[in-house]
Structure formats: C-alpha cells, structure tokens
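Construct all of the structure, not just a fragment, from the sequences and the given hints.
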Amino acid sequence: MQSHNRNQVIEFVHIIIALILGLFLLGGGANLGVSKSAVDLLGAVLSVPEYPAEFLRGVFLSWSEWVNNKDSVFVKLKLLQEENIKLKALNAELLKDRIDAGLDANLREARVTLRAPSSWWNEIRIDRGGRDDITEGLPVFNNGFLIGRISSVSLLSSWAELLTSPSLMLPVVIEETRELGIIEGDGAGRILLQYIPVGRGIKPGMSVSTALIGEDVPSGLPIGKIAEELAPTPDGYAVYRVEPGADLSKFYTVSFLNLNKIK
Amino acid sequence: MLLLSILWILQDLLTVLFGGVMQLPELFLMGIVYKLIIDEREDKLWAIWTAFFGGLLWDLRWVGVPGFFTLGYVVVVALILWAWRVIPVHGRTLWVVFLLLESSQIIPNLVPVLILGGSTGSSFFISQQLYALPAFIICLLIYSKHANSEQD
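Protein chains in written order, with our numbering: chain A, 1 to 263; chain S, 1 to 152.
No lab work stands behind these hints: they were computed from the structure.
Among the hints, a few may not be true.
Not close to chain A: a few residues of chain S, all C-beta gaps over 12 Å, as computed [to be verified]:
#1 M1
#2 T15
#3 I38
#4 R41
#5 L57
#6 V74
#7 P88
#8 I142
Heads up, incomplete: computed chain S residues facing chain A, CB under 8 Å, no partners named [stated by the list, open to error]:
#9 I6
#10 L10
#11 D12
#12 V16
#13 D39
#14 D43
#15 L79
Each residue gets a CB set at the ideal place from its N, CA and C atoms; glycine is no exception.
Right, here's the structure in full:
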C-alpha cells in the first residue's frame, strides 16, 4: 500500500514537472532561439520518411486540381482553338499577299504565236519553252488574271490550255463566301462555275480565284467575277457564268510565273 | 515503445498526405491512452514522458512553437492516470474506455484554443471524431477481449 502511494506521489511529481516544462517551453521556447533550429533539424530528418507521402500528396493535389479546373481548361481550349483558326486565316492572307507580291515580281512576258481558229477557245501557243523554265501546269496570265495553264512544252515554245476549254477544270473559291466550286469552259467563250449547292448566297460581282490546286498553281490567283446565275442542274447544283478579268477574245501577249524564283 | 513510435510516424505521414483535406485523429496519443488502460504495472512514468516528448516533437514538426501539444498530451495522460485510479475495476466499462479515448482526441486540440483564443468550429471536432471512429472501435474490441480474458 505504501509502495502504491509512493508511486502515485512520484507520478504526481513527474506530471507537475512535465506540465511546468511544457508551460516553460510554451512561454519561452519561441524566444530561446533553439526552437527554430530544432524545427529545421526535425523537418530535415523527417523529410526522408515523409518523401513518399509528399510525392503521393503532390499527385493527389495535381489530379484534384485538374478535375476541379477541367471546365476552365475546356473553355481555354475552345478559346485557343478559335484563336488558332483566326491565326490560320491571317496566315493564309499573309501567304496570299506574299504570293501576289511574288506574282508581280516574277511574271514574265510571252507572245502568242498561234491561236488556231479551230481551237480558238481551247488553246494558244506562246514563244517560250523549256529553255525559259516553263513547265507543264504553270499558270498563264493576261492583264493580271489567270487565263489558263501550260499543257505541253517544247524547247522553244509551249502550248497553254485556256479557261474557256471544256477539258480544263479548275477548283476555285468565291472570295466573299469561301464556297468552293469548279470552273470549266464550254468551248464557245464562256466559263461556267459549277458544283456549288443552290442557295449559298452567291451573287453577281463576287470575286472568283483559284483554290489550292497543286504546287504549280497557288491558291488565290484572280480569275474574274460572277456574272450571272444560270439554270441549276437536275442534281440541285447552281451554275454561274464567270466573267473573266482578262479579255479572252483578243490578247497578243501573256504572262507566266517563274515559280523557281518564288520557291 | 516501438508501437508508439510507429503510431507517431504514421500520424505524421497521414498528416503530410491528407493535411488540409481532412482532420486526422491523434493516433499517437490514442496509443498511449490504450496502453495505459491495459498496462497493469505500477510504474506509469513512461506514459508521462512519452506523451511529453511525442507532443514536443509534434509541436516542432507541425506547430513551430513548442508547448501546445506537449501540454495537451501530458494533461490527457494525467487525466487518464487519475480517472483509471478513481474508477473501480467493475466500473471500467466499454463506455468509460470510449470516453477516455475520446478525451485524447478533444483535449490536445483545445489547448491552443484555450491559450491563444479564437474558436475551432464544431465541424472540426466532428470530422476528427468520425475519422477516429475506426481506431476507437479497434481499441474497444481489443480492450473487450483483454477484459474478458482477465475475468476468465
């Protein structure tokens, strides 16, 4: 019994000492200057076993952050996509300007040496050939507007197929609406724009230029303007007559691009 | 002592992992309280100083100012020592054990509030008790088995 009481007294004394020490630490520990060092030391020691928990917490937090911010990420993505589309359009315009500048700087003149009455609206021969860097497929201009493409080349001369030829079909774009269609000649002096669905708001006066055809013919080369709407095809496609910018009935010289210089 | 060290480290790691997300139970102190309850030796000084140094380390790791949890842990151990002596053996029911374990969750977190002022929301304590509930149940089950084997 005596031992029991003695133990209780010792416990009581230890509790009192521990409480006094605790109060002392609370009151003066922060001012002793050692607590900061102890905090740093303990933090450094515990950082080793705590590393996996820290890593997992990082993973968990980044995951939950992604889940919480998912909607705003999608909104940002949509904005970026819209911005990207605008930038692409701007880039296309800049490219077109560059091509136009290239056209002006690299157009070379050629004389028309033959335009046979039997194929008046189909082809012409010019006095430039392979010696002058002319290759098949090169666009041919008159008065700054596309009038045809080089169809065959010999050393000193070439043949160009005209837009009024029924066998030359070119993809084009309406500048104002960005609708795509195909132009082809009727062999009698007319150029027809086809394969555009009815009711797309295409009106006379709208500009027609080349769409992307291939490496030889860049997009954006001017062709002419919509002149009138003709009767639609039975398939439901509108047909328009295109008024070329160049006078195809009479011309004595043409221009062609030296694409090698542009490239 | 090894078990208590493991509990301290576990509590530390869980705080690193879930700190700020959920209020974690005082596993270390719960371990001391449980060990005190089932320990039949007369010498209980180990509990006082284990609580003291465990609380001090906790203060240095998570509070930055020593004393808060040091005092809180020692107060809890003093309370348990006193209560376990005062309550007769046949009165040491599961409810009493539950209340003593519960005190180990509430008192340490009240000390900073009592000393520094301010308030701790009731949701803080409620969430802590909820997260501590599985540990309570495990302790009570083990204590129940221990008490039954003592009776036999």
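Going down the list of hints, with the structure as the test:
Distance check on S:M1: its Cβ is at least 17 Å (rounded) from any Cβ of chain A, clearing the 12 Å threshold; non-interface status holds. With a closest Cβ-Cβ approach of about 9 Å to chain A, S:T15 is found to fall inside the 12 Å limit, against its non-interface label. Every Cβ of chain A is farther than 12 Å from the Cβ of S:I38; the closest lies at roughly 18 Å, confirming the non-interface assignment. Distance check on S:R41: its Cβ comes as close as 10 Å (rounded) to a Cβ of chain A, failing to clear the 12 Å threshold; non-interface status is violated.
Some Cβ of chain A comes within 12 Å of the Cβ of S:L57; the nearest lies about 7 Å off, and the non-interface call is violated. Not every Cβ of chain A is farther than 12 Å from the Cβ of S:V74; the closest lies at roughly 5 Å, contradicting the non-interface assignment. Distance check on S:P88: its Cβ is at least 15 Å (rounded) from any Cβ of chain A, clearing the 12 Å threshold; non-interface status holds. With a minimum CB-CB distance of about 25 Å to chain A, S:I142 clears the 12 Å threshold, and the non-interface call stands.
Residue-level restraint check for S:I6 is violated (minimum Cβ-Cβ distance to chain A is 11 Å; threshold 8 Å). Proximity of S:L10 to chain A is violated relative to the hint, the smallest CB-CB distance being about 10 Å (cut-off 8 Å). The criterion of a C-beta within 8 Å of any C-beta in chain A is met by S:D12, whose closest approach is roughly 7 Å, and the hint holds. The interface hint given for S:V16 holds, since its Cβ lies 4 Å from the closest Cβ of chain A, which is under the 8 Å cut-off.
Hint on S:D39 is violated. Least Cβ distance to chain A is approximately 13 Å, over the 8 Å limit. Here the hint on S:D43 is kept, as its CB sits about 7 Å from the closest CB of chain A, short of 8 Å. Below 8 Å, beta-carbon pairs count as interface contacts, and S:L79 has none with chain A, the closest being about 10 Å; its hint is therefore violated.
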